[in-house]
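Trainee: Put chain B on the given structure of chain A with help from the hints.
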Amino acid sequence: METTKLPPSSPSSPTTSFSVPSAEKVDGFPRRSMRRARQRRSHSSSQFRYQSSQVELTPLPLLKDAPVAELHDLFCKKLQQCCVLFDFLDCVADLKGKEIKRAALNELVESVATSRGVLIEPLYPEAIKMISVNIFRTLPPSENPEFDPEEDEPTLEASWPHLQLVYEFFLRFLESPDFQPSMAKRYVDQKFVLQLLELFDSEDPREREYLKTILHRVYGKLLGLRAYIRKQINNIFLRFIYETEHFNGVAELLEILGSIINGFALPLKAEHKQFLVRVLIPLHTAKSLSIFHAQLAYCVVQFMEKDATVTEYIIRGLLKYWPKTCTQKEVMFLGEIEEILDVIEPSQFIRVQEPLFKQIAACISSPHFQVAERALYFWNNEYILSLIEENCQVILPLVFATLYRVSKEHWNQTIVSLIYNVLKTFMEMNSKLFDDLTASYKVEKQKELKRERERAELWRGLEEHQERRLQMLTEAARNQRNLQERGERGDPLTPTSPQSAHPDQPEPKPSGASSGAGESAT
Amino acid sequence: MAGADGDDSLYPIAVLIDELRNEDVQLRLNSIKKLSTIALALGVERTRTELLPFLTDTIYDEDEVLLALAEQLGNFTMLVGGPEYVHCLLPPLESLATVEETVVRDKAVESLRKISQEHSPVDLEVHFEPLVKRLASGDWFTSRTSACGLFSVCYPRVSSTVKAEIRQHFRTLCSDDTPMVRRAAASKLGEFAKVLELDYVKSDIISLFTALASDEQDSVRLLAVEACVSIATLLPQEDLETLVMPTLRQAAEDKSWRVRYMVADKFSELQKAVGPEITKNDLVPAFQNLLKDCEAEVRAAAANKVKEFCENLPEDNREQIIMTHILPCVKELVSDTNQHVKSALASVIMGLSTILGKENTIEHLLPLFLAQLKDECPEVRLNIISNLDCVNEVIGIRQLSQSLLPAIVELAEDAKWRVRLAIIEYMPLLAGQLGVEFFDEKLNTLCMAWLIDHVYAIREAATCNLMKLVEKFGAEWAQNTIVPKVLGMANDPNYLHRMTTLFCINALSEVCGQEITTKQMLPVVVKMASDQVANVRFNVAKSLQKIGPVLDNNALQTQVKPVLEQLKADSDMDVKYFAQEALTVLALA
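From first to last, the protein sequence lines stand for chains A and B. Just so you know, full-length UniProt numbering puts the end of the first sequence at 522, numbered straight through with nothing missing. Just so you know, full-length UniProt numbering puts the end of the second sequence at 589, numbered straight through with nothing missing.
Just chain A, same shape as in the assembly:
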């Protein structure tokens, strides 16, 4: 292998492509923080650095013309030829070599896809080596450190013309009817899979798409790697949630997981439940939730459909992570809740209805009309409506006060009319309860105000108490110091014991008793 390092060759090669208008970051209103602006970078591939002095490629005979006896040998030579890497940032460098490699890759793809009997054992290590050399690389620093997959254009991989064919080859290789997992597993091992998973961070969506299909095939064919793959995906997610908040391939990994979950055996293993509770649910906290929310919600619902007993974990988890300030995320959460309610078992519904409808009530009173609207749409869903009706006794008291208040106060007419519809529905469901609640609304309101006043009083009392205590403590400390000093001076009356704090005690007490306590006791 030619892996002697040759650092100087690449820096001089022009890293043209991205000359950001030079003053941009000093000027203008930076869209996001200036904090990391310093780190804006130009794109260059870390991979190329490890390429030795360029090997001149010479075209080999075509595979289809090769006599059967020499076919495998030629195939192998082509694989080796494809291990040579090219500098794609310099788009005119070594055009001939690039073309030869491209043609060779094309031939390899076609051969693996169409002809039978090509994949014999000795070719496995060569094929995996070729794939590894080409695809495994440290991903370059992101072009835009504040990369927002929703707004910004992704940086595309410069070497895609070759990379795509390598991925295509890998995929055909895995899908070939001749593919033997027992032979492949020696080369496609844990280390290989780990590197493959790291590539999911690629900014190039085309690359992630290939990786997704490939990982799916690997998972399907190499049974020994399954647990390991799941564990590593866990680690990637946990790092994403708790450490970096950055990983480009979350949606793709979730998509794979969706179908993995689908295949879980029942009863669910503890490992899988843990994955749901400690990884999937916390994923909802991510800032970039919108990018992978659809896939995430799908996974969550898959879990519920597998085993209804996880419902409570899910709902309580979502309620715990309910967005406080981001209304856009709140709408997504409501969407997911509806998806969940669509398939919820009535027995499970009863277990979560209380906290859930408190949250829904809070959403209805959101000043953001999309949030309120999304929550009110639940009443248009027939299944949800039937659940509400069955549990009207519990749910109506939870939401009534909010509905009543918001129907009078909301600025948005659509919301007001939606609320009237909901109130009407409730009235039809249980007119007695509805009338009772309407009657007691004012009283409840008064009670609430009273509680608030009491709380204020309590805290005022507590704080006064604290102040007195602190005063006392400082005074006591001062006394003690004085006493000690006197003691050191040989003064005879020195009880330097802790009791010295007590004499001060009774003095401030009476006033405290009258102010703070009287009210808080009521």
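These aren't lab readings, by the way, just hints derived from the structure by calculation. The model shown is predicted, which means the values in this text are computed figures rather than measured ones. Treat the hints loosely; a few may be bogus.
Within a straight-line C-alpha distance of at most 27 Å, the following computed DSS-like cross-link-like pairs (lysine-lysine) qualify [unchecked claim]: (1) A:Lys212 to A:Lys269; (2) B:Lys33 to A:Lys320; (3) A:Lys450 to B:Lys34; (4) A:Lys324 to B:Lys292; (5) B:Lys255 to A:Lys98; (6) A:Lys185 to B:Lys255; (7) B:Lys272 to B:Lys292; (8) B:Lys33 to A:Lys324; (9) A:Lys231 to B:Lys255; (10) A:Lys231 to B:Lys133; (11) B:Lys442 to B:Lys374; (12) B:Lys374 to A:Lys212; (13) B:Lys34 to A:Lys447; (14) B:Lys546 to B:Lys561.
Under 7 Å between C-beta atoms, here's a sample of chain B residues computed to sit facing chain A [what the hints assert, rightly or not]: (15) Ala41; (16) Glu100; (17) Thr102; (18) Val103; (19) Ser175; (20) Pro179; (21) Met180; (22) Ser256; (23) Trp257; (24) Glu297; (25) Ser571.
Even glycine gets a Cβ: it sits at the ideal position worked out from N, Cα and C.
Mentor: Frame of chain A, contents of chain B only:
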């Protein structure tokens, strides 16, 4: 106790706990933030026996509440009865150290570290160390991650058997199955090494360090680089070569740019830690490679360290090393393809002149400065200009002034207003270094031109700049050069420019002193009181308020007061308002 807790019955714990359990998160959070108030109301004993168990049991809550709780508990020692009882705080903090959310966990660890110091050595072994052990062998990665931060605080104060256990636990975590824990261990490796006996540093830490530095994940490897600094500082010079250098060399050539970036970023620290000999033999070539790295990110990090690295080279052959090894790389960086690399370099390159002395600076560095002054990227030019003082000390700024001027002029007229703003901020500095003559001749026009810039922020900065210039050059200079021009703008047809006159007067009156203010500025202000634009008029009122303190009483009574009275009767509401305000402030009403 009875006497001290006499009034506790007023606050039944149930009421307080209800507050801590309130349905509304915000209220719950408020209560938790005042936890010390509650504890104080309960007294130490009931805090220990009732409040803490309650807190330990209800650890499932919003992360924000938990964060506040974790923070509070770190300051609770006195509230539970002093160091003797501090271990009561361990159970709730232990639970907090295992939660998922990183900020909560980190805060809990911070509090645990804090209260560990308040434990007696016995309590440390009886209560604290078992907690660390439990965390270190927890099922979920969060508790193991938290454990990593606690070893170093208890190690120095426990018996040697317990020490051996602690070392064993740390070893285990360094080879943990999950990368999260290995990262936590790697990030605490240096800290832990510092409290270990030297023999154990050599036997234990080095092998852990080597293993972490060749971890399969680059996020772990790069943290080992940080630890490298501490470890190298601890070891005697003769051991560095065999124990640390192989790993460090490997890190400097790691295949992941993140690791190389880290090496570049920590280069000065590493250099100090390994000492002059190794620096000469190993770090110089390594630094050269980093400056030539294929990843711009790494080059920029290394470029940032050029000055510090050179400064810290052993003096005996510093100049020779810089001239033959570093300078050639620096020269290449001046024309780097990446602007961030160039601007990183520009922010430190001037510092080299003090190290290399006058002749070398003129011969070798000056061309580089000049090239960077002409760079297409304004940030590069700005960085050079902002560091002119270093060169000034060595060769004087005159050498540069020929090239400086076009660069300044170009920046002064840059299309981006933030660039213009940046250069304005350097004007007083430049003026000081270039001297009043050069300034009058070349830069004064620029400073005046900024006053009529179409961006308000620039006009504002320009007025402030004038004030600083007057502070530098004195009132007489102001009277001759800038005051006439400023006052001339009072007749400009554009009301924005007329207002600029007022803003300048606001800024200048104090530094120019009473005489200039009364004789030259005040008449202009007074005249502008009958401007046809209301904005100008109410700014007249504001200006009078501003310059009032500089004027003597006579001027106030005879000139200012009548004008303000007149403005007070203005038809415009705002003019009236500000006139009234000025009258009140100046006590003329």
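Trainee: Going through the numbered hints above, which ones does this structure break? Give me the numbers in ascending order.
Mentor: 4, 12, 18, 19 and 25
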